[in-house]
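Engineer: Next come the chains, spelled out residue by residue.
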Amino acid sequence: MTLSRRKPARKANLGTAVCTGTGGVFVEVVETLTKDVLDVSGLVKRYGDLTAVDGVSFRIRAGETFGLLGPNGAGKTTIISMVAGLIPANEGTVRVAGRGMTPAETEAKRIIGLVPQELAIYPDLTARENLRFFGRLQGLTGKGLTQRTNEVLELIGLADRAGDLTKKYSGGMKRRLNIGIGLLHRPTLLILDEPTVGVDPQSRNAILESVEKLSVEGMAVLYTTHYMEEAERLCDRIAIIDEGRIQAEGTRDQLITLTGGVDRINLRGGGSMVRAAEALRGLPAVQHVDNDGAGLMLTVGDGPTALAGIVTGAGQAGMSVTSVEIVRPDLESVFLHLTGKALRD
Amino acid sequence: MSAMLAIATVELRRFLRDKSNIFFVFIFPLLLILLLGSQFGAGSGQARVAIAGPGSALAQALTAKLQSSGVVVTASGENAARADLSRGRTDVGLFLDESDGAAFDAGQPAELDVVMASQSSAQAVLQQVRTAVQAVGLERSQLAALTGAGIPEDRARPALVQAAAQVAVPTVDIVDTNDVAQEFRGLGKFDLGASQQLLLFVFLSSLTGAATLIQARRFGVVGRVMSAPVSSGQVVAGQALGRFAIAFVQGGFIMAGTALLFGVDWGNLWLSALVLVLFCAVAAAAAMMVGSVIDNDTAAAGVGVGGGLVLGGLGGCMVPPEFFPEALAAISYATPHRWAYDAFAAIQRQDGTLGDILPQLGVLAGMAAALLLLGAWLLRWSLSRAL
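Heads up: the sequence lines are chains W and A, in that order.
Plus 187 on top of the position in the first sequence (first one is 1) and you've got my numbering.
Plus 1 on top of the position in the second sequence (first one is 1) and you've got my numbering.
Treat the hints loosely; a few may be bogus.
[To be verified] Anything over 12 Å on all C-beta distances counts as not near chain W; from chain A, calculated: (1) Phe-16; (2) Lys-66; (3) Ser-69; (4) Glu-99; (5) Ala-107; (6) Met-117; (7) Gln-235; (8) Gly-239; (9) Gly-268; (10) Ala-300; (11) Ser-333; (12) Leu-384.
[Claimed, not checked] With a straight-line cut-off of 25 Å between C-alpha atoms, the simulated DSS-like cross-links for lysine-lysine are: (13) Lys-20/A x Lys-355/W; (14) Lys-222/W x Lys-400/W; (15) Lys-20/A x Lys-354/W.
I should point out that these hints are in silico values taken from the structure, not numbers from a laboratory.
Glycine included, each C-beta is placed from N, C-alpha and C at the ideal position.
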């Protein structure tokens, strides 16, 4: 059974800016929750004959976590590289908080924080030195830089190891530093490219919790992953991407409906399974029954509701049920449904 | 500006943090300068004589006479003297026994055992020993003649000294007509080696240090840097400044270290520093090229060592170019080392002025400008490759 941990309720983040001028006082109310922080439109990237990204469009609002879910080689990192202004797009536009993003654009880059997939840190510098270096590149100086460095070290739990060379860190600690560098200048849009690759479960959970917290605080997050569980846990909206194209986009529940929204119930046991299969096919809740000899696999509309009747019916037909499993549709099912292949192929 | 300085600072910090660099960049060059200066530096051809045997008036007289003519004399046992001779630590061994001392004291002839080492310089030293022995023998004969004529020894000795002082001794001025020898006139023991090794190691270290540029690409740091609000021009300038800082810190250290430790005379310090600055700019640009073209940091280190040694050798950092055959001397001017070497030579040996070294400075500046442009272009290309 797939369990989905839902995001905590997000606080309303309605920012209000008050400006005074000689002509009087006027008030501008900004609905930050409905404002697009990132607007990607018709993005195309070609490498010779290969089209790595093919007409990708999506938007992210402030406080929203948007996931790009797809297998390795789907084009996620290429999209991120264009969004972060590292490489130019052949077609399409990227606008970050209303500013066009290109490799030559420096103002739009101030708004984003990039956490690349690889550990983009200097192993022969300490965590503090790494943070200070990248902080200076972001324009932080003096006491502000020192203060923010200390804050981030606390945030990522490396304050007590701040003076150690990062080559002595564990993989999880390096990953946390990698993320901390992206947060240093308080970006409006945080881009995380597969930030949990190669991380132990404990560190992975810590990273996911950090991302949840940032989102609650109003930061827009673009999160790429090929881990379905991460996308389900973190993302308000998810784009399923394969072969450079967005196959579907929406909330988790919206995407699930694409599969028809059916559950699967697996019954294991002994006795007369042929008779049980015949009997269960007659139940109104059951759409389909397969018998593989070791058990029965049923397709039903709503698994938990139909379960009691199914177990009773199977028993009455002479099957001794030893285990029951309800498999609810998940993003893996959606990906399979849309592309005809498993997410981790 | 801040971003450029941040990049340059971090490059320098990473270079200095590598413990192997500390040895090869700072300690090893000084050791080499010390070794080369001791072995081949000006004054290293000083005559050395070992006198073996019991202490005697003869030994004292010979020691005094030899020392007065600039020979380094060591008193040792017979075995030690033979060992020094066989290992080339001394040029001539003079073996005295008790009978020699007694004969000298008695004013009688004595036959001394002399052994010459195999090195070529020993022949000249042997001649100095002969001269000293003859002089000591003559003085002893004169003293014996006076005491034989009934003059007490305590009066005879001062009289001989007084007579010697009244004799005008002919002087010999040695003029070396060899052009090569003239080139090195005025150099201290470590001066030549210091400038040669400075050029060799600054260039070598810069090239091998290019590996950090490759690592930055490999670590993905370049991508992260380019996602910050900095232009590619700032990144390139920061990298160039970082390479330059690495070279200049090492060059400055060698200059200061050799001046303080070995008394190396760098001539006009401002002019020497100017030569160093331009040479470091060339080295930095070359390092940018190596770091941009090669993607494997181990391979880059190999290319750096190989290229640095070949260019250094061609440029006169191993054998002084004054000894080069004509064709090789012409080729050596294709290297920045040779131009910097000539500039240092003019400053150190001939008290050269800015005007004297303008041609060398001009060529170095031209090389630096051309290589920096090429290096910057290649670095930009490598940055885009890294993304």
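Engineer: Find the hints from earlier in the document that the structure breaks and name them by number, from lowest to highest.
Structural biologist: 1, 7, 8, 12
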